[in-house]
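Undergrad: Starting from the two chains in their separate frames, assemble the complex, guided by the hints.
The listed protein sequences derive, respectively, from chains H and S. Heads up: the first sequence runs through residues 1 to 525, numbered per UniProt numbering. Heads up: the second sequence runs through residues 1 to 433, numbered per UniProt numbering.
Do not rely on the hints blindly, as some may be mistaken.
Listed next, the in silico BS3-like pairs over lysine-lysine satisfying Cα-Cα at most 25 Å (straight line) [claimed, not checked]:
#1 S:K144 to H:K76
#2 S:K58 to H:K76
#3 S:K371 to S:K342
#4 S:K267 to S:K22
#5 S:K290 to S:K327
#6 H:K290 to S:K318
#7 H:K470 to S:K22
#8 S:K342 to S:K196
#9 S:K127 to S:K258
#10 H:K76 to S:K166
#11 S:K22 to H:K76
#12 S:K79 to S:K261
#13 S:K79 to S:K27
#14 S:K22 to H:K354
#15 S:K327 to H:K76
#16 S:K86 to H:K353
#17 H:K438 to S:K415
#18 S:K267 to S:K27
#19 S:K127 to H:K76
#20 S:K27 to H:K470
#21 S:K359 to H:K71
#22 S:K196 to S:K250
#23 H:K470 to S:K67
Treat the hints as calculated values from the structure; they're not laboratory data.
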Amino acid sequence: MAHNISATGDTTYALSLQQKLATLLGFVGLFILTLATFNTSFPNKTLWLTLSLGAICVGITWFSVNQYQNKTAGIKNDGVYINAFTSRGFWAWMLGIFLTGFYIVLYFYPQYLGLRENDNTGLIALFDPLSKLLSGNPASQWFVYGTLYTIAIVFFGVKFIYKYRHNHYQRLRTFSVMFFQLGFAFLIPEFMMRLNSESFALPYYDLKNIWPLNYYNFEQYRVDEFISAGSIGIALLIFGLASIFIITPILTYKYGKRWYCSWVCGCGGLAETAGDSFRHLSDKRLFAWKVERWVVHSVLVFVVLMTTAVVYSYLGDGSKGYWLTRDVFLIGVALLLTAVFAGVMIFKRNEFKKDAFYGATGYFIIILVLIGLHYFQGSQLFLFETETLRSTYGFLIGSIFAGVIGTGFYPIFGNRVWCRMGCPMAAILGFQQRLFSKFRITTNGGQCISCGNCSTYCEMGIDVRAYAQKGENIVRSSCVGCGICAAVCPRGVLKLENDSMKGRINSNDVLLGNDVDLMTLVNEK
Amino acid sequence: MQHIVIIGNGIAGITAARHIRKLSDNKITVISGETDYFFSRTALMYIYMGHMNYEHTKPYEDWFWEKNRIELKKAWVSKVTPEENKLTFANGETMHYDQLIIASGSKYNKFGWPGQDLKGVQGLYSKQDLDLLEENAPNNEVCKHAVIVGGGLIGIELAEMLSTRKIPVTFLVREHNFWDNVLPESDAILINNHIKEHHIDLRLGVNLKEILGDENGRAHAVIVEETGEEIPCNLVGLTAGVTPNIDFLKDSGIELGKGVKVNRYLKTNIENIYAIGDCAEQQEPTGNRKPVEAVWYTGRMMGEVVAQTICGNNMPYKPGHWFNSAKFFDIEYQTYGWVFSKPNEGESHFHWHHEDGKKGITICYETQSRKFLGINTFGIRLRHEVLDRWLTEGKSVEDVVANLHQANFDPEFYKRYEKQIQQEFTTEQKINV
Numbered sequence: 001m002a003h004n005i006s007a008t009g010d011t012t013y014a015l016s017l018q019q020k021l022a023t024l025l026g027f028v029g030l031f032i033l034t035l036a037t038f039n040t041s042f043p044n045k046t047l048w049l050t051l052s053l054g055a056i057c058v059g060i061t062w063f064s065v066n067q068y069q070n071k072t073a074g075i076k077n078d079g080v081y082i083n084a085f086t087s088r089g090f091w092a093w094m095l096g097i098f099l100t101g102f103y104i105v106l107y108f109y110p111q112y113l114g115l116r117e118n119d120n121t122g123l124i125a126l127f128d129p130l131s132k133l134l135s136g137n138p139a140s141q142w143f144v145y146g147t148l149y150t151i152a153i154v155f156f157g158v159k160f161i162y163k164y165r166h167n168h169y170q171r172l173r174t175f176s177v178m179f180f181q182l183g184f185a186f187l188i189p190e191f192m193m194r195l196n197s198e199s200f201a202l203p204y205y206d207l208k209n210i211w212p213l214n215y216y217n218f219e220q221y222r223v224d225e226f227i228s229a230g231s232i233g234i235a236l237l238i239f240g241l242a243s244i245f246i247i248t249p250i251l252t253y254k255y256g257k258r259w260y261c262s263w264v265c266g267c268g269g270l271a272e273t274a275g276d277s278f279r280h281l282s283d284k285r286l287f288a289w290k291v292e293r294w295v296v297h298s299v300l301v302f303v304v305l306m307t308t309a310v311v312y313s314y315l316g317d318g319s320k321g322y323w324l325t326r327d328v329f330l331i332g333v334a335l336l337l338t339a340v341f342a343g344v345m346i347f348k349r350n351e352f353k354k355d356a357f358y359g360a361t362g363y364f365i366i367i368l369v370l371i372g373l374h375y376f377q378g379s380q381l382f383l384f385e386t387e388t389l390r391s392t393y394g395f396l397i398g399s400i401f402a403g404v405i406g407t408g409f410y411p412i413f414g415n416r417v418w419c420r421m422g423c424p425m426a427a428i429l430g431f432q433q434r435l436f437s438k439f440r441i442t443t444n445g446g447q448c449i450s451c452g453n454c455s456t457y458c459e460m461g462i463d464v465r466a467y468a469q470k471g472e473n474i475v476r477s478s479c480v481g482c483g484i485c486a487a488v489c490p491r492g493v494l495k496l497e498n499d500s501m502k503g504r505i506n507s508n509d510v511l512l513g514n515d516v517d518l519m520t521l522v523n524e525k
Numbered sequence: 001m002q003h004i005v006i007i008g009n010g011i012a013g014i015t016a017a018r019h020i021r022k023l024s025d026n027k028i029t030v031i032s033g034e035t036d037y038f039f040s041r042t043a044l045m046y047i048y049m050g051h052m053n054y055e056h057t058k059p060y061e062d063w064f065w066e067k068n069r070i071e072l073k074k075a076w077v078s079k080v081t082p083e084e085n086k087l088t089f090a091n092g093e094t095m096h097y098d099q100l101i102i103a104s105g106s107k108y109n110k111f112g113w114p115g116q117d118l119k120g121v122q123g124l125y126s127k128q129d130l131d132l133l134e135e136n137a138p139n140n141e142v143c144k145h146a147v148i149v150g151g152g153l154i155g156i157e158l159a160e161m162l163s164t165r166k167i168p169v170t171f172l173v174r175e176h177n178f179w180d181n182v183l184p185e186s187d188a189i190l191i192n193n194h195i196k197e198h199h200i201d202l203r204l205g206v207n208l209k210e211i212l213g214d215e216n217g218r219a220h221a222v223i224v225e226e227t228g229e230e231i232p233c234n235l236v237g238l239t240a241g242v243t244p245n246i247d248f249l250k251d252s253g254i255e256l257g258k259g260v261k262v263n264r265y266l267k268t269n270i271e272n273i274y275a276i277g278d279c280a281e282q283q284e285p286t287g288n289r290k291p292v293e294a295v296w297y298t299g300r301m302m303g304e305v306v307a308q309t310i311c312g313n314n315m316p317y318k319p320g321h322w323f324n325s326a327k328f329f330d331i332e333y334q335t336y337g338w339v340f341s342k343p344n345e346g347e348s349h350f351h352w353h354h355e356d357g358k359k360g361i362t363i364c365y366e367t368q369s370r371k372f373l374g375i376n377t378f379g380i381r382l383r384h385e386v387l388d389r390w391l392t393e394g395k396s397v398e399d400v401v402a403n404l405h406q407a408n409f410d411p412e413f414y415k416r417y418e419k420q421i422q423q424e425f426t427t428e429q430k431i432n433v
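Bound-form chain S, shown alone (with noise of 0.2 Å):
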């Protein structure tokens, strides 16, 4: 019997745990100083917002993990030696290892401004995020307003979050569109225009220069690069995306890069030592896929694969067709195979968004061949099985177009919009359907 040891409740770790329990008998530990438990990272603006609890984004109770004799620890680990295979907490204990699993997750970036370190200046990733804000902005006369930096989802999920408390928001979006440099620009203005209609000031294509503190050390105002102006303020958001959370791995000679670099077998320059989830960092991505995705199901696929490995049955990292989802205040955002922001070379884009300006769909599409790429869709769900089969057997975007209502997951009696959709694409395109 082995003892594996994962760094990390989040989704990655905690599925390779249930799965390494499901094909083993191996003793696993599970570290996190973040939390006893498991709990939905995606699930964080819930509590803030007041829709959930804590205890309601704990995805198994408690008793769970020792039913299924899943040890787990709280302790941060502050040093990793592959040597000894030891592990090093922050109190200065250790623990032998036979297999680890990294899985630390990421940490919200800093991009150096000035003043970043003030109080009242924070991310929002980690529960401890979450309870700081809710100290910095539990309403809004402790908070009379906030500034969010970076278009981002949680950037966006922030500015959800905050009006829910009625704190007014400035949202500095680096980008001429929110999220432009995913979004196709029809469906970035679409989510331009509805942050808008919830009351966020959205300043497009600024940056942030520095944030001013007051003599308690605490943030009172923002200056904007382009205009020079003063935003007065008591929250700064940072929300300019995330990096791996990998410092305490300096100098222990597993191999890192931006993450921690692993093989298609998730596993890193040490033989007994894997990473996956957020901090690993494919050192032969699949696809279009990046070398490093912070994704919650790449991190619970990952978790998957790593567990075959490791109870025995060797297998590569191979993730399907990119999907993915959001949400953007009240908009639905699904997304399946690629949709760029601008057409590669070869490729091109259909549009149809609906008059209310809160529905639309892009599809990408090989212009010679008429190859269905990917599709997005904003307001109108979609059925991922049937994406999924229609990518793999290379549908022509006339057949994709044609058959659009087999793919529809809206809920019943919801209005449909297949037939508008192929009606526009008709007569965009000068062919029949």
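The shape of chain H in the complex, shown without the other chains (with noise of 0.2 Å):
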């Protein structure tokens, strides 16, 4: 911590008058939420709902504007490790208690926030205005989630935009961002209720949120829907089969997964908005490293797991004639992930370490047995009750690990602990951006000057500067490529950039500037 030994204070860094009354503005509006959660009976809810979101929006946009207009362009980190909300201080705490409390309020007591079955209360009926605007329905918990959701992200977004707004790569980002999820994470979804009647039913489906992030994807309730809901519904569920199996590995290979992760996810749209206040809270020791390798592929390997259980429960034995039965699919999943197994191990070995060959090795055959137990002792598919498998991942990741950690903590560990720690999607496009695919961040020659601002702001925990001061070009199974090592950077040493896989990993050992032999010498033993 820097310092302050000042008998006065520092006022550095204190909010402008504006800024404040922006700040008053902003929690006047989330005073109002809080007087409906407490179940205060506003008379016309659709203008209350209106002046609280409103003031929101307003709020951030005004405190926004004030914070960055009286600055020329560029990076402005100015104060991030003196001021207390922004470097894990009293605030700081407190909207990550507030935050998580709200998560836990949210997951598991809904009611609370007034869900009824019939008739709303509460915070809940304050959205039914606006839920009933857009889908026809009443407002459920995930309705007002949602909408807070976007608000924050299209919002924080503005912020994003005009703190960067020299940097095109940024902005054109964070467009993207508040794209996909004003549009297809919420006005695209809710639209499509409209289209549902009595004969005519398709599930909620937010198009770009894509299995296994969306674990509950192919779950029965879903596939029987899109089924009954005829051919729109059979396209749905081949886009959702097509999203994982076809479209990101294609992307993937590309682009880098920094096509998904930072421009279009809705996690990482949060991250990188409302989340960009503390990305440089992130854990940068090589421990939080060997951790987040082990927990991320455990979780992966878990969706696996349960999603093949979940789909095998449902599907038949073959007595209906349907060609995908229980044996057929099982016996499909194995062959898949033999076939990546065996592709990685194959063409890939030499850029493994070796614990990750290990871990490989040993999920790879704990599964097969798994799978063979099932077939030769008839014992249940992987050993507990699909029931169990889905309702603890449920629980365990998808509420408590995205939601609870991964956002009420961004103000103490950083805005991406879930994409680095717990997200199965970000572990398979790591997994094929570190062996297969174009992206990679260049370094320039031997300009780096060992200075840290990259790795201090690399939301995902990367030591960037480990390999810039080495001249070696950072290929990350984590990176999401967001591009603010590169802004930071004061001497434009990285550069994120799409090329050909030859030479993508260039390890120098002597960098470019001393004599040439002595490069050759060193780098080619």
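TA: Given below as structure tokens:
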């Protein structure tokens, strides 16, 4: 911590009068929501909801404009580690506790927000007018959450764009996450609900929310609804499968995982916009990287097992003459996993570190043994009841990890804890990015001065500097391609690019700038 | 197994230690009185500005040193006795070495100004200087006004630092434009304007006459030589360059000039003593390079080379093409090859400046042969590898201008200016590229 030894206190980074007023306005908006939560009955819900959300939106925008308007365009991280809010001070903890509490109520006690079977009350009732306007249905806790989530991405997105107004990469990708959140995650699913009737029903579907992030996408009730909704439903179901098995591999090969994680994804969108003030809090230690690799890949294995069990549970035994039987499915899964494992081990074996090799082999054997046990011993598939697997995943990963820890702890652990440690989609994308993608962050010869801005502001906790100061390109599974390392670099050392696979990882012992003979001698050893 | 002792844990000393460890099993000790661990000196400004904490400026985690068997000793060396292969520390302890590498860096210049030793007068080089600055200028109530003396890279960094805490700054620059002993005039003017845009009171072509102190021995004003003006202030930043930090080597028998004199093998006049980094003075400098180069990457390169020599692979220090970079407030600067402030005999400059006053390039070439000699860019990033290759290949200025897009290193989706640059070049030179 920088020590403030002045007797008068440091007023340098205090809020301006306008920022105080903007904060007040935003809090008035939140206060209306709080009153509604405690069952204050507002006479005209449409008016009060508009006032509340309007105050929040205007407050955020006003605050942001005032923060950057009198500053020249450029990197403005002044005071990030002096300001208590952005350096785990009192208000950071307060916000963390508030968000965590909000998520617990949202996931587990929605009745406190006013969720009722028939007529909603409280906060959820306040959102009824907006929900009815969009989908024709009364609001749910998820509608309230979705609305606030979208507001956060859009208006903190405005802040982010203004902060990085000199940087076109940052502006474009922020427009992109704002668009996908507002359109794909929020408006389109709501409008799709309007299509539903007694005889036709589509499941609520955010098209960009891809399995396994969307871990419930292939559950029975959804698949049933897709199938019963005729050709549109089938098209959506096929799109869901194509998203992960065709679209994702192609785009990740061409652009790296960033196409999803920092251009499309809603979790990433919130992290990049509302979470931007906390990006530097990620843990950069080597130890954290080791933990990350085990945890995120374990979640991936978990979601694969869980989904396999769930799909298996509702498939038939072939008596109805439908080709996709339990056996076909299970053998298909085993073959697919074997193909991926074998392909990687044959072609990319040298790129594995020892622990990654053991981890991959270990998990692969465990999955095959479990499937084998089921066949030859007739034991329960994956040892646990399918419903136990499903509900445990939903509770531990879907709710606690992604929501309570992932977002609630933004101000303490940084904004990408979920994306880094928990997201199975990120694990798949990252796996491909590391082994089979054109994307890399190129290091610019010998220009690095090891200042550490890149590592400090990496939200994924990658020690970017460790590579840059060796003149080595950065090719890491976890990199979401946000481009902030390249933005904060004072010497123009880093560039995100898509180029050929050849020479993507260029390990150097001696950097450009020194005697050519020495470079060749040492680097070619 | 030899005991290799390195004085200084900056980039030069640490690079040497790391490479010696890679190449050998020798015992390695790195000595520093400044900090326990290696940190990036160039990042000191970001600590004051609140972009980072001190912890973030350390490129290696603290366990790294023990794991790689690099011993660290926190002490100031007060004397070197080459006849006995012995170091003496400030506290009287001694240490034996078999090979000694001096990498003791620089200290900031004081040119004998009256009042230069008053409280509130300081430079910015070491971690201690940063701590002192935090005391002298924590905010704009304690430090109501600051004066910076010397218009170089550290001067402008200090101006930026202080301005983030809303401390009004008067910046005294001896040259007629900021850093115009290095930058061509039009480039220097671009930076002048940018400095003023940040509300810095930039005074060009002036010198410091003296610093006035109050009854407590604390600076309270400076007097400008040319105008006699008295400028009240609570902080005087001395940023008029640095010199090798070699006072502790006086009378050691090691040959000293401005710095520690070394040959092409970075060896001093004594067989088992080497000097690298800021403190080394090359007896035969390479090309246009100066004998003493206080630059981050030359320190690193000397560390790489000296490690080879010490581990038995005798290797001369041969830096490649000159390059460097800096950031002036929001404007990034890169340079590759040689672009002098005024073209030498037989050389010409081509300039292009964007109308927003924040981007520009200057290309230097041989007037007759059209050979490309060097390039400065402002607000545009270039690819080191490409420029280095072009310089080696001796490309013509036309080739460089025509292929500038190949060298662009700006982030994706940035606006590109190659076409504008080519157009201006064609119009000005009346030729097609």
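Undergrad: Hints first: check each against the structure and report whether it holds.
TA: We went through each hint and held it up to the structure:
{"no.": "1", "hint": "S:K144 to H:K76", "verdict": "holds (23 Å)"}
{"no.": "2", "hint": "S:K58 to H:K76", "verdict": "holds (22 Å)"}
{"no.": "3", "hint": "S:K371 to S:K342", "verdict": "holds (17 Å)"}
{"no.": "4", "hint": "S:K267 to S:K22", "verdict": "holds (21 Å)"}
{"no.": "5", "hint": "S:K290 to S:K327", "verdict": "holds (22 Å)"}
{"no.": "6", "hint": "H:K290 to S:K318", "verdict": "violated (40 Å)"}
{"no.": "7", "hint": "H:K470 to S:K22", "verdict": "holds (14 Å)"}
{"no.": "8", "hint": "S:K342 to S:K196", "verdict": "holds (24 Å)"}
{"no.": "9", "hint": "S:K127 to S:K258", "verdict": "holds (24 Å)"}
{"no.": "10", "hint": "H:K76 to S:K166", "verdict": "holds (14 Å)"}
{"no.": "11", "hint": "S:K22 to H:K76", "verdict": "violated (39 Å)"}
{"no.": "12", "hint": "S:K79 to S:K261", "verdict": "holds (17 Å)"}
{"no.": "13", "hint": "S:K79 to S:K27", "verdict": "holds (21 Å)"}
{"no.": "14", "hint": "S:K22 to H:K354", "verdict": "holds (21 Å)"}
{"no.": "15", "hint": "S:K327 to H:K76", "verdict": "holds (14 Å)"}
{"no.": "16", "hint": "S:K86 to H:K353", "verdict": "violated (44 Å)"}
{"no.": "17", "hint": "H:K438 to S:K415", "verdict": "holds (23 Å)"}
{"no.": "18", "hint": "S:K267 to S:K27", "verdict": "holds (20 Å)"}
{"no.": "19", "hint": "S:K127 to H:K76", "verdict": "holds (23 Å)"}
{"no.": "20", "hint": "S:K27 to H:K470", "verdict": "holds (24 Å)"}
{"no.": "21", "hint": "S:K359 to H:K71", "verdict": "holds (18 Å)"}
{"no.": "22", "hint": "S:K196 to S:K250", "verdict": "violated (43 Å)"}
{"no.": "23", "hint": "H:K470 to S:K67", "verdict": "holds (19 Å)"}
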